[in-house]
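Q: This is what each chain is made of:
Number of protein chains: 2
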Amino acid sequence: MTTKRVGVIGAGQLGRMMALAGIPLDIDFVFYDEAQQSPCSNLGTGIRPSANNALAQFIASVDVVTYESENTSLELVRKINLQKPVYPGELSLSKSQHRLTEKTEFNDLGIATAQFLRVTSKDELSYACQQLGLPIVVKTTTEGYDGKGQAVIKTVADIDAAWHALAGNELIAESFVNFSRELSVIAARDVHGNIQVYPIAENAHHEGILRVSRVPVKDLCPAKEQQAKDFISLLLNHLDHVGVLTLELFDCEDGLVANEMAPRVHNSGHWSIEGSYCSQFENHVRAICGMPLGNPQAKQAASAMINIIGKNGDRDCVLANANAHLHMYGKSERPNRKLGHINVFGDSEGEVDASLETLAAFIDECG
Amino acid sequence: MTTKRVGVIGAGQLGRMMALAGIPLDIDFVFYDEAQQSPCSNLGTGIRPSANNALAQFIASVDVVTYESENTSLELVRKINLQKPVYPGELSLSKSQHRLTEKTEFNDLGIATAQFLRVTSKDELSYACQQLGLPIVVKTTTEGYDGKGQAVIKTVADIDAAWHALAGNELIAESFVNFSRELSVIAARDVHGNIQVYPIAENAHHEGILRVSRVPVKDLCPAKEQQAKDFISLLLNHLDHVGVLTLELFDCEDGLVANEMAPRVHNSGHWSIEGSYCSQFENHVRAICGMPLGNPQAKQAASAMINIIGKNGDRDCVLANANAHLHMYGKSERPNRKLGHINVFGDSEGEVDASLETLAAFIDECG
Numbered sequence: 629m630t631t632k633r634v635g636v637i638g639a640g641q642l643g644r645m646m647a648l649a650g651i652p653l654d655i656d657f658v659f660y661d662e663a664q665q666s667p668c669s670n671l672g673t674g675i676r677p678s679a680n681n682a683l684a685q686f687i688a689s690v691d692v693v694t695y696e697s698e699n700t701s702l703e704l705v706r707k708i709n710l711q712k713p714v715y716p717g718e719l720s721l722s723k724s725q726h727r728l729t730e731k732t733e734f735n736d737l738g739i740a741t742a743q744f745l746r747v748t749s750k751d752e753l754s755y756a757c758q759q760l761g762l763p764i765v766v767k768t769t770t771e772g773y774d775g776k777g778q779a780v781i782k783t784v785a786d787i788d789a790a791w792h793a794l795a796g797n798e799l800i801a802e803s804f805v806n807f808s809r810e811l812s813v814i815a816a817r818d819v820h821g822n823i824q825v826y827p828i829a830e831n832a833h834h835e836g837i838l839r840v841s842r843v844p845v846k847d848l849c850p851a852k853e854q855q856a857k858d859f860i861s862l863l864l865n866h867l868d869h870v871g872v873l874t875l876e877l878f879d880c881e882d883g884l885v886a887n888e889m890a891p892r893v894h895n896s897g898h899w900s901i902e903g904s905y906c907s908q909f910e911n912h913v914r915a916i917c918g919m920p921l922g923n924p925q926a927k928q929a930a931s932a933m934i935n936i937i938g939k940n941g942d943r944d945c946v947l948a949n950a951n952a953h954l955h956m957y958g959k960s961e962r963p964n965r966k967l968g969h970i971n972v973f974g975d976s977e978g979e980v981d982a983s984l985e986t987l988a989a990f991i992d993e994c995g
Numbered sequence: 629m630t631t632k633r634v635g636v637i638g639a640g641q642l643g644r645m646m647a648l649a650g651i652p653l654d655i656d657f658v659f660y661d662e663a664q665q666s667p668c669s670n671l672g673t674g675i676r677p678s679a680n681n682a683l684a685q686f687i688a689s690v691d692v693v694t695y696e697s698e699n700t701s702l703e704l705v706r707k708i709n710l711q712k713p714v715y716p717g718e719l720s721l722s723k724s725q726h727r728l729t730e731k732t733e734f735n736d737l738g739i740a741t742a743q744f745l746r747v748t749s750k751d752e753l754s755y756a757c758q759q760l761g762l763p764i765v766v767k768t769t770t771e772g773y774d775g776k777g778q779a780v781i782k783t784v785a786d787i788d789a790a791w792h793a794l795a796g797n798e799l800i801a802e803s804f805v806n807f808s809r810e811l812s813v814i815a816a817r818d819v820h821g822n823i824q825v826y827p828i829a830e831n832a833h834h835e836g837i838l839r840v841s842r843v844p845v846k847d848l849c850p851a852k853e854q855q856a857k858d859f860i861s862l863l864l865n866h867l868d869h870v871g872v873l874t875l876e877l878f879d880c881e882d883g884l885v886a887n888e889m890a891p892r893v894h895n896s897g898h899w900s901i902e903g904s905y906c907s908q909f910e911n912h913v914r915a916i917c918g919m920p921l922g923n924p925q926a927k928q929a930a931s932a933m934i935n936i937i938g939k940n941g942d943r944d945c946v947l948a949n950a951n952a953h954l955h956m957y958g959k960s961e962r963p964n965r966k967l968g969h970i971n972v973f974g975d976s977e978g979e980v981d982a983s984l985e986t987l988a989a990f991i992d993e994c995g
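Chains as they are written, first to last, in the working numbering: chain A, 629 to 995; chain B, 629 to 995.
The list makes no distinction among identical chains, and a pair is therefore deemed to hold if it is satisfied within one copy or across any two copies.
In silico DSBU-like links for lysine-lysine, alpha-carbon gap of 30 Å or less:
# : residue 1 : residue 2
1 : Lys939    : Lys632
2 : Lys723    : Lys966
3 : Lys927    : Lys857
4 : Lys723    : Lys712
5 : Lys776    : Lys723
6 : Lys939    : Lys959
7 : Lys927    : Lys846
8 : Lys632    : Lys959
What the hints contain is simulated information worked out from the structure, not anything from laboratory work.
Given the structure is predicted, the values throughout are model-derived calculations rather than measurements.
Please model the entire structure based on the sequences and the hints provided.
A: This is the structure in structure tokens:
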């Protein structure tokens, strides 16, 4: 077996969990990141972009490159791609970086979204409020995550504040979607175009940050399940995507509505580390290294993932729960920072509910 | 959460899998080993014993120390123990290093063994052949593993060759045990004396090297299961052992007979990485770090572990099996070298049998 060398742009918890999944497959990791202490410090070589000749050294030291974030510099990816393959490719990255382009693309593929309008002036914002009907959500078309870079306009009185907060950026105004819950679907596509779709997750947020994901989704009708699989397969093939792709969805009466995609492993798929036969991290690594994909199906009847945010909490309370698995990211405490997560499993949803109750402190502490 | 720093004497696959299990618990690892390239190279800091001031540096850089092998220098462990705790302790290590002491200890605790005699001369060897009745096995009392450092005497004509091969060492002569199969029981004990016992494994060897382990053991009567649990609990408590301990057993008509113990995680427990709620590696790390123990029970109806020995084989054939997990050790090919293992799971023994058949090449290649 020849050792594959994977370069990761970034060195956060996603890179950490990719490495933990890839090392047993004899894959070596190189992290391209400025931080000297990071969640990936102990899992491979670090190259600091500010160092002399850093990029050339990074490119020379790897066989294939991936990235942790949809905010990765497209220019950097293009440069690397001239010498080494970068997966997911430029197309997936560029489409994910611009909310307007992304939603247009969704519609072109027949994937439902909220109604939306481009906004570049206060007048256009007022016009969007009339056209779309209040309430609306206004977001920067680029950057922004975990609830940052967006505002809600409930009445015309909110327009000034929203404009003040976001002016200077290209914006997208979106009609409010009347949904019952937030879902996400994650899938991996290999270099030959084979696709494996993970069970759909239901996600609960608090202040814009994912708090809990659960699998399977209660009472999801087969038609919607199929719709989610169709949506993500359409996207994967259209983008010629290699690696993991995530699509966030709203569950609405008439069907699923796409919110946004992420060209990467996703927080709502962390349950798969022990929950699936092959986790999203292992499948991402397999895909970009040209290996066959693994089975994404759930091993247990019911799974849940709880984010540990801001404070570490009582570790021993997690370890003492026979159905829980602790995953820390080697980060120090800071408000709203994702420090780790807990995976919980059970033979029934009730069993998972019981575990979640004993672990409620981790959910309540931050909200 | 304060990061615990675990020092490991050695840097082989056992250290590698300890680190892969411990890193998600925010544990940092330091490996005390001469090799510059090792299975642990990417999983923590390496300190080479030959380096200037190496031991003092190693001791200063960790909170607790463990070791990978029962052949670890007792003197080294004693030195370290003056400044930092070493788990499992000196007692477990010293008893495991001497087959004669070990077997005497077993008998003192009421744990059955083969009949045995100390042998230091050819005359004593001839006497042992008469006393124990042929065939017998002769082993060096110290060192030796995977079938090395031992000889079988079937007829008196074999005595010369055996003596020639092993002379110069203190030897132990053992009567042949009439067993139907080889089993092992693994358990973890925490700093408070709590014990968690893993399901018993059935082990198949080839040329003295473990080839396949399976869980559960077919048709093992509850009395023998209890006996295995009693044996290992007696040992753990007697040795005031902290961490994982393994006891190899022969399954005989009248009950179980102990072969030898290893004061460490064990090849026959590698199935537990995905097979148990909490693997032997995670429980060892939890125990030595003063954390509560996790659930050792099997998640699936049937599990198996196949060692990849000498040659890497066809990796993609493993990855394409939806019920298989590949664990490589980052080592290069060499005859009789353990390069990795494959964990296989199923809802029934038949399902595991079917997977083993598709993976038969990995078992056959070396034997």
